[in-house]
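Using the sequences and the accompanying hints, generate a full structural model.
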Amino acid sequence: GIQVEQSPPDLILQEGANSTLRCNFSDSVNNLQWFHQNPWGQLINLFYIPSGTKQNGRLSATTVATERYSLLYISSSQTTDSGVYFCAVVGVTTDSWGKLQFGAGTQVVVTP
Amino acid sequence: ETGVTQTPRHLVMGMTNKKSLKCEQHLGHNAMYWYKQSAKKPLELMFVYNFKEQTENNSVPSRFSPECPNSSHLFLHLHTLQPEDSALYLCASSQDPIRGVHEPGANVLTFGAGSRLTVL
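Residue numbers (our numbering), protein chains in the order written: chain A, 1 to 112; chain B, 1 to 120.
Hints are computed from structural coordinates only; laboratory data are not their basis.
It is possible that some hints are incorrect.
Claimed, not checked - Computed footprint of chain B on chain A; a stretch qualifies when at least three of its residues, placed anywhere within it, have a C-beta under 8 Å from a C-beta of chain B:
| id | region |
| --- | --- |
| 1 | 8 to 17 |
| 2 | 29 to 43 |
| 3 | 73 to 82 |
Unchecked claim - Here are some, though not all, of the chain A residues that point toward chain B, as calculated from beta-carbon distances under 10 Å:
| id | residue |
| --- | --- |
| 4 | Ile-2 |
| 5 | Val-64 |
| 6 | Phe-102 |
Glycine is no exception: its CB is placed at the ideal position from the N, C-alpha and C atoms.
Structure, rendered in structure tokens:
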């Protein structure tokens, strides 16, 4: 199956700092989503971004499908940004349809 | 509130107990999913139901038995579990994963808050 690698595994930021999280995937995808999991376990969809660039407030994401990677940017980080950020993809082969494969996540801690 | 509700939020059970996890979605979606999240491991897809039909069983042991009576409800029946089955079980829904191959956004997942299971 498709492999999803996220880096860095852990990130500690001071409030107000900017950061970039990376997601590499091993095969062509037609679906890529970024999620944030808060400390209580709730996963929230941040972006649906199989290609191109999107922005939502202080967060933005860019996917370069031809080079098989996606980046999530956090600007002016706040303590509420703490949690785990997951990248998840669906491959283009028929046996991948409907199966969102998750990376291991990046644990982000924003300190006051 | 995401529109996907899971109950119970916490469950402690012995290895010989029978219990069930429940998931309900109010989003009008057609597909529902169970994922398992263990400590230090990526989310693992367990089951997929699309229009009430099971389309994916990711080699899940038979002590986990899913049930999808309609597109809005999904259950995970638990029986004779092992301590290593302790994990956060996440339910999700999406509009249509197959149509999502060609239509942007039809396979965007919405997750519930999870059911944290401890097997003693």
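Tested hints:
1. By the rule of at least three residues with a Cβ nearer than 8 Å to a Cβ of chain B, the coverage given for the region 8 to 17 of chain A is violated, with 0 such residues.
2. Here's how the region 29 to 43 of chain A fares: 8 of its residues keep a CB closer than 8 Å to some CB of chain B, so the rule of at least three is met and the hint holds.
3. Note: the region 73 to 82 of chain A has 0 residues with beta-carbon separation from chain B under 8 Å; the three-residue rule is not met and the coverage is violated.
4. Given hint, A/Ile-2 at the interface with chain B, is violated; its Cβ is 12 Å from that chain's nearest Cβ, farther than 10 Å.
5. The interface hint given for A/Val-64 is broken, as the beta carbon of that residue sits about 17 Å from the closest beta carbon of chain B, more than 10 Å.
6. Because the smallest distance between the Cβ of A/Phe-102 and any Cβ of chain B comes to about 4 Å, under 10 Å, the interface hint for this residue holds.
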